[in-house]
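Colleague: Put chain S on the given structure of chain C with help from the hints.
These are the residues of each chain, in order.
There are 2 protein chains.
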Amino acid sequence: MLDIKITRTTCPKEKPQDESKLGFGKKFTDHMFVMDYTEGEGWHDARIVPYAPFQLDPATVVFHYAQEIFEGMKAYRTADDTIQLFRPECNAKRMQDSADRLCIPRIPVEDYIQAVEALVDVDRDWVPHSDGASLYIRPFVFANDVGLGVHASKHYIFCIICAPSGAYYAEGINPVRIYVEDEYIRAAPGLTGFTKCGGNYAASIKAGELAEEQGYAQVLWLDGVEKKYVEEVGSMNIMFKIDGKVYTAATVGTVLPGVTRRSCIELLKDWGYEVVEGKLAIADIMQAARDGKLEEVFGTGTAAVVSPVKELVWKGEHAYIGDGNIGPVTQKLYDTMTGMQWGKIPDTKGWIVPVEKKY
Amino acid sequence: MLDIKITRTTCPKEKPQDESKLGFGKKFTDHMFVMDYTEGEGWHDARIVPYAPFQLDPATVVFHYAQEIFEGMKAYRTADDTIQLFRPECNAKRMQDSADRLCIPRIPVEDYIQAVEALVDVDRDWVPHSDGASLYIRPFVFANDVGLGVHASKHYIFCIICAPSGAYYAEGINPVRIYVEDEYIRAAPGLTGFTKCGGNYAASIKAGELAEEQGYAQVLWLDGVEKKYVEEVGSMNIMFKIDGKVYTAATVGTVLPGVTRRSCIELLKDWGYEVVEGKLAIADIMQAARDGKLEEVFGTGTAAVVSPVKELVWKGEHAYIGDGNIGPVTQKLYDTMTGMQWGKIPDTKGWIVPVEKKY
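Protein sequence lines correspond, in order, to chains C and S. Add 451 to a position in the first sequence, counting from 1, and you land on the number used in the numbering used here. Add 451 to a position in the second sequence, counting from 1, and you land on the number used in the numbering used here.
Careful, some of the hints might be misleading.
Given that identical chains are not distinguished, each listed pair holds provided it fits within a single copy or across any two copies.
The calculated DSBU-like cross-link candidates involving lysine-lysine, where the alpha carbons are at most 30 Å apart (straight line), are [said to hold, decoys possible]: (1) K657 - K678; (2) K605 - K464; (3) K605 - K472; (4) K657 - K808.
Hints were generated in silico from the structure; no laboratory data involved.
The shape of chain C in the complex, shown without the other chains:
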């Protein structure tokens, strides 16, 4: 149990008036959670303080060797003004896996959850009220040794910041076009694909920008060895409904084990669908499209929850999915997930964690 020292801001910021203009991750709340790590001492000095810049020596490890990991979560406001989280223990555990790979000391799962809950509690007035809007929560850890040797740092900062963020689909769910990336890759076995480390995202920017210039919303990454098998899309996992079954890449080291991904798989299985987690060749997906069997395609992730795909392009060939509108299974997943998250339907899975008023 962390002893979190709380220092409240004396000059609270103005809260956003127009929640329809929030966007994603642009405005931040009044406070942040911070905790330090020192080798030999462990994690210490857990505190909630006014949101403020870090002062960092230019030789701090994070600027040079990117020893940094993060998580992404949301807090949701229900109709009765309960503030709630979705499966926070999944994010806490995943951050431990990221930490292990990047040689960063683990944060205990219960401490991680306590820290998130405390900060969301202190800033609970910042959780948006409008439909589909939520408080995006960004826990992150970075190395703050000062020095240029390439080694695991002996000092780290764990910080959590929160950004009230608008509905992902401000103008209704809009199926997207996806570019199957054939040159750049996101991960390969033995690298860091299963983690949320900064380097994965830095390496992904170029392909994303090139796809966007061509009018595609996201990139679909193929495996890094053979460039044959689908892995994930942009910063989401991706699922394909082909001839009644749902296929998605197994999370075997190169694919991020998404919390929305596993939740959707559980729901799909509950509903009687067969879900195949394994290797799925892009060539087979394109063939399914030609055969009229590619019924639905959708991404899953914290930001969009479920994001329908209407078109794939691979090596110049276009595959069009369904009639271009969101498919019935995609819609049902979206409604069920968001229904539970915003408290509109009962949480039959035990996934929802309300944030109690303590502070």
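Modeller: Same frame as chain C, now just chain S:
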């Protein structure tokens, strides 16, 4: 031509008294170079200011998505107190290649060199005097947009810091033991192996720490696809002299194009050696060792210049190189490179750039 505004420190730090205890990249000089980038405006406000921390919002891109690149160079003091650089244009050009891959705006080669020269000039008293010690120069660029969207940033900081650093071989050249890494990889085609981006180093820490725990100085990375071909070692390139010829990995996207590497290749060719840049299987290297034909192995890099290897271990098999001492070609390369760098022998290649006194 940059218009560099210079603000000198009013409280200079004490210079290190005992240069034998400098170590690497731990103490920094009185000043740093800083330049900002703003989309639409380009690079602007080039300045040399007292060495000081950055103040950065916790939502700054570099903490989350590691959009960051760096270079490594040295300034050397000669017997007549000339301060000189080694092929700075190679580092400037390589930083542009790193920038392109990471979607960071390029810094013009001449501006990069001017900035390095100006800072080294201002802090020239910090260049160590003792044999083998030098001023390590660390130019780096990081994204400093504030916001959590995964996109190329619209704002960057280019900073150069300098660290007086001790002789790499304080106690004489000591050949090292190398662990051939068989699980983790450093790069794969389509990723960022040819760049000096933070993410490459973050991903490499774990294998390095595991090897060190087992008594090895460095990891030898194999290719990311087949794990058959040697690529580089730790943070150096590596060369193998087998039966009279010198082999090293081609720099084809996954291998860092080292400045020391290309300089050594040029020297070797001048001296009449055949140098093969291509795919070299670790199995063939181990066979050459069994056949008594693995004559010399050495790493090349800015820090160590040339680092002899006395032992490789791959899948439990040990290959011992020569009699465990530095080989004649390795020694000749080391003597020639360091001779030119410290001005002890004539620069017959046009590689040396003296830093004029201007400031």
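Colleague: Give the relationship of K605 and K464 under a CA distance limit of 30 Å: within one copy only, between copies only, both, or neither.
Modeller: Cα proximity of K605 and K464: across copies only (25 Å, versus 35 Å in one copy).
Colleague: At most 30 Å between C-alpha atoms: does K657 with K808 qualify within a copy, between copies, both, or neither?
Modeller: For K657 and K808, the Cα distance exceeds 30 Å both inside one copy (43 Å) and across copies (41 Å).
Colleague: At most 30 Å between alpha carbons: which applies to K657 and K678, within, between, both or neither?
Modeller: both (17 Å within a copy, 26 Å between copies)
Colleague: At most 30 Å between C-alpha atoms: does K605 with K472 qualify within a copy, between copies, both, or neither?
Modeller: Result: close only across copies, 21 Å inter versus 41 Å intra.
Going through the hint list in order, the structure does not satisfy hint 4, though it satisfies all others.
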